[in-house]
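Please put together the full structure from these sequences, using the hints given.
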Amino acid sequence: MKKLTIVVFSGEMDRAIAAFNIAIGAASMGMQATMFFTFWGLNILKRPSAGISPPGFIKKMLAAMMPAGPQKLPLSKLNMFGMGPFMMKKLMKQHRMPDVGEMLAMAKQSGVKVIACTATMELMGIPKEQLGQEVDSCAGVAAYLAEASESTVNLFI
Amino acid sequence: MKKLTIVVFSGEMDRAIAAFNIAIGAASMGMQATMFFTFWGLNILKRPSAGISPPGFIKKMLAAMMPAGPQKLPLSKLNMFGMGPFMMKKLMKQHRMPDVGEMLAMAKQSGVKVIACTATMELMGIPKEQLGQEVDSCAGVAAYLAEASESTVNLFI
Amino acid sequence: MKKLTIVVFSGEMDRAIAAFNIAIGAASMGMQATMFFTFWGLNILKRPSAGISPPGFIKKMLAAMMPAGPQKLPLSKLNMFGMGPFMMKKLMKQHRMPDVGEMLAMAKQSGVKVIACTATMELMGIPKEQLGQEVDSCAGVAAYLAEASESTVNLFI
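Residue numbers (my numbering), protein chains in the order written: chain F, 1 to 157; chain P, 1 to 157; chain U, 1 to 157.
Simulated from the structure, these hints should not be mistaken for lab results. Hints may be right or wrong, so weigh each one.
Beta-carbon label-pair distances, calculated as ranges [unchecked claim]:
(1) P:M65 x F:A64: 26 to 32 angstroms
(2) P:K60 x F:K60: 51 to 57 angstroms
(3) F:P127 x U:P98: 20 to 26 angstroms
(4) P:A142 x U:G111: 36 to 42 angstroms
(5) U:Q109 x F:M83: 46 to 52 angstroms
(6) U:G30 x F:R47: 34 to 40 angstroms
(7) U:A139 x F:H95: 42 to 48 angstroms
(8) P:G56 x F:M61: 37 to 43 angstroms
(9) F:M106 x U:M61: 33 to 39 angstroms
(10) U:A139 x P:M61: 41 to 47 angstroms
(11) U:G56 x P:R47: 32 to 38 angstroms
(12) F:H95 x P:E150: 27 to 33 angstroms
(13) P:K60 x U:K90: 41 to 47 angstroms
(14) F:M65 x P:L78: 45 to 51 angstroms
DSSO-like, lysine-lysine: derived pairs with alpha carbons at most 30 angstroms apart [to be verified]:
(15) F:K59 x U:K3
(16) P:K46 x P:K60
(17) F:K77 x F:K60
(18) P:K89 x U:K90
(19) F:K93 x F:K59
(20) F:K89 x F:K60
(21) U:K59 x P:K90
(22) P:K77 x F:K72
(23) F:K60 x U:K90
(24) P:K113 x U:K2
(25) F:K90 x F:K77
(26) P:K128 x F:K90
(27) U:K128 x P:K77
(28) P:K90 x P:K113
(29) P:K93 x P:K59
(30) F:K77 x P:K46
(31) F:K59 x U:K72
(32) P:K2 x U:K2
(33) U:K113 x U:K2
(34) P:K113 x F:K77
(35) P:K77 x P:K90
(36) U:K90 x F:K59
(37) F:K128 x U:K90
(38) F:K72 x P:K90
(39) P:K3 x F:K2
(40) F:K59 x U:K93
Computed from a prediction, not measured in an experiment: that's the story for all the values here. The beta-carbon is built from N, C-alpha and C at its ideal position, and this holds for glycine as well.
Right under this line is the structure:
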């Protein structure tokens, strides 16, 4: 079985859509798809209710400034203080396209493996409880590389 | 024959230059190179005369705000309201480097396959007529994955 | 021996950290890792003392505006005129994580090959003397593709 592994580094709506489209497409074609969420990409996996809990001033500030969950992501272009994402969501609804939260659920249903990066969780003070139930496991760079080195398609998004 | 497939997601001049350099280089080394233009990357393929025609308010706004064609791309860094791209173009001319439009033509001449993403075209209201004649075909994620899963080098730019 | 090749296109601290983590991880797992620094990524390799020397007005301006060396990199998100990188560095120190300069040294020690892109050096007027001693060689897209086409894992960061 061919494998596809994506590092989801970015926490933006447009890049998340691209990543999920590719992963869901691969799974539906019979490939084993794995998404490794790291850095800003971890924001996509946060529960909407994830508060601003981590100890330490810098982590609190980071938590306050970062979007919590798939419904709150900015756009990488034309963000315009939130107008862009609002318009993009509206456009996607008009075309009956799923939003990022629905894509995450679809990915899980089609068998995509969702992994959260432990180094980022520790650095930014995000405990496992603040991440959604979609997370299959938390792992580091060694686990990513084991998967990637067996994959035909590797992407960094 | 070894294959290389690039997803061109970004619509910025510097990233387009990198993508074309790699694809043209691969083709000249005897590899089969495919470029799959999606999201903001589709702006690179627009005809300069592509107007603001799509029906619907949001699509009209998007069309008005996005660059039309390879001569109008911003930089990802130091854009400075257009000063950056102007300077970069000047610098490239001084070094007798081709600009993005010329690179697109060179890519075609060396046999690089140019594919436009149908999902993006539909979402953003870009009909095929607004894209340049360089486009070989319009296709979706399944066509991309078929190509990518046979490629030795896969990149997301 | 499995190979991993990364194009380091971005000159941002967060993306540099991701690139080095993956390359160092790969080397420590016995893979041959190569990092090809191009465009803004070349800023990571600059000596801190690299002045504003290149001839020509545009190159001088570019040199003045770009960060010199691994200690001066911005963040891709939440940069906030330098506050973000300052906070991130502090956070990394608290967690006893190495900074980008230390990661570059660690990468070299674990056998990661560091290549600087000649086309960028020429375009931006960066002579080899302004780059740190960590650079193994300066090479073009053909050398990159030779490496990439033998690599199991290819990433563009």
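Verification of the supplied hints:
{"no.": "1", "hint": "P:M65 x F:A64: 26 to 32 angstroms", "verdict": "holds (30 angstroms)"}
{"no.": "2", "hint": "P:K60 x F:K60: 51 to 57 angstroms", "verdict": "violated (42 angstroms)"}
{"no.": "3", "hint": "F:P127 x U:P98: 20 to 26 angstroms", "verdict": "holds (24 angstroms)"}
{"no.": "4", "hint": "P:A142 x U:G111: 36 to 42 angstroms", "verdict": "holds (39 angstroms)"}
{"no.": "5", "hint": "U:Q109 x F:M83: 46 to 52 angstroms", "verdict": "holds (48 angstroms)"}
{"no.": "6", "hint": "U:G30 x F:R47: 34 to 40 angstroms", "verdict": "holds (38 angstroms)"}
{"no.": "7", "hint": "U:A139 x F:H95: 42 to 48 angstroms", "verdict": "holds (45 angstroms)"}
{"no.": "8", "hint": "P:G56 x F:M61: 37 to 43 angstroms", "verdict": "holds (40 angstroms)"}
{"no.": "9", "hint": "F:M106 x U:M61: 33 to 39 angstroms", "verdict": "violated (48 angstroms)"}
{"no.": "10", "hint": "U:A139 x P:M61: 41 to 47 angstroms", "verdict": "holds (44 angstroms)"}
{"no.": "11", "hint": "U:G56 x P:R47: 32 to 38 angstroms", "verdict": "holds (34 angstroms)"}
{"no.": "12", "hint": "F:H95 x P:E150: 27 to 33 angstroms", "verdict": "holds (30 angstroms)"}
{"no.": "13", "hint": "P:K60 x U:K90: 41 to 47 angstroms", "verdict": "holds (46 angstroms)"}
{"no.": "14", "hint": "F:M65 x P:L78: 45 to 51 angstroms", "verdict": "violated (24 angstroms)"}
{"no.": "15", "hint": "F:K59 x U:K3", "verdict": "violated (36 angstroms)"}
{"no.": "16", "hint": "P:K46 x P:K60", "verdict": "holds (15 angstroms)"}
{"no.": "17", "hint": "F:K77 x F:K60", "verdict": "holds (27 angstroms)"}
{"no.": "18", "hint": "P:K89 x U:K90", "verdict": "violated (38 angstroms)"}
{"no.": "19", "hint": "F:K93 x F:K59", "verdict": "violated (35 angstroms)"}
{"no.": "20", "hint": "F:K89 x F:K60", "verdict": "holds (29 angstroms)"}
{"no.": "21", "hint": "U:K59 x P:K90", "verdict": "holds (11 angstroms)"}
{"no.": "22", "hint": "P:K77 x F:K72", "verdict": "holds (25 angstroms)"}
{"no.": "23", "hint": "F:K60 x U:K90", "verdict": "holds (14 angstroms)"}
{"no.": "24", "hint": "P:K113 x U:K2", "verdict": "holds (29 angstroms)"}
{"no.": "25", "hint": "F:K90 x F:K77", "verdict": "holds (16 angstroms)"}
{"no.": "26", "hint": "P:K128 x F:K90", "verdict": "holds (23 angstroms)"}
{"no.": "27", "hint": "U:K128 x P:K77", "verdict": "holds (23 angstroms)"}
{"no.": "28", "hint": "P:K90 x P:K113", "verdict": "holds (29 angstroms)"}
{"no.": "29", "hint": "P:K93 x P:K59", "verdict": "violated (35 angstroms)"}
{"no.": "30", "hint": "F:K77 x P:K46", "verdict": "holds (18 angstroms)"}
{"no.": "31", "hint": "F:K59 x U:K72", "verdict": "holds (22 angstroms)"}
{"no.": "32", "hint": "P:K2 x U:K2", "verdict": "holds (17 angstroms)"}
{"no.": "33", "hint": "U:K113 x U:K2", "verdict": "holds (14 angstroms)"}
{"no.": "34", "hint": "P:K113 x F:K77", "verdict": "holds (26 angstroms)"}
{"no.": "35", "hint": "P:K77 x P:K90", "verdict": "holds (16 angstroms)"}
{"no.": "36", "hint": "U:K90 x F:K59", "verdict": "holds (11 angstroms)"}
{"no.": "37", "hint": "F:K128 x U:K90", "verdict": "holds (23 angstroms)"}
{"no.": "38", "hint": "F:K72 x P:K90", "verdict": "violated (40 angstroms)"}
{"no.": "39", "hint": "P:K3 x F:K2", "verdict": "holds (16 angstroms)"}
{"no.": "40", "hint": "F:K59 x U:K93", "verdict": "holds (13 angstroms)"}
The structure fails hints 2, 9, 14, 15, 18, 19, 29, 38 (numbered hints given earlier, in ascending order).
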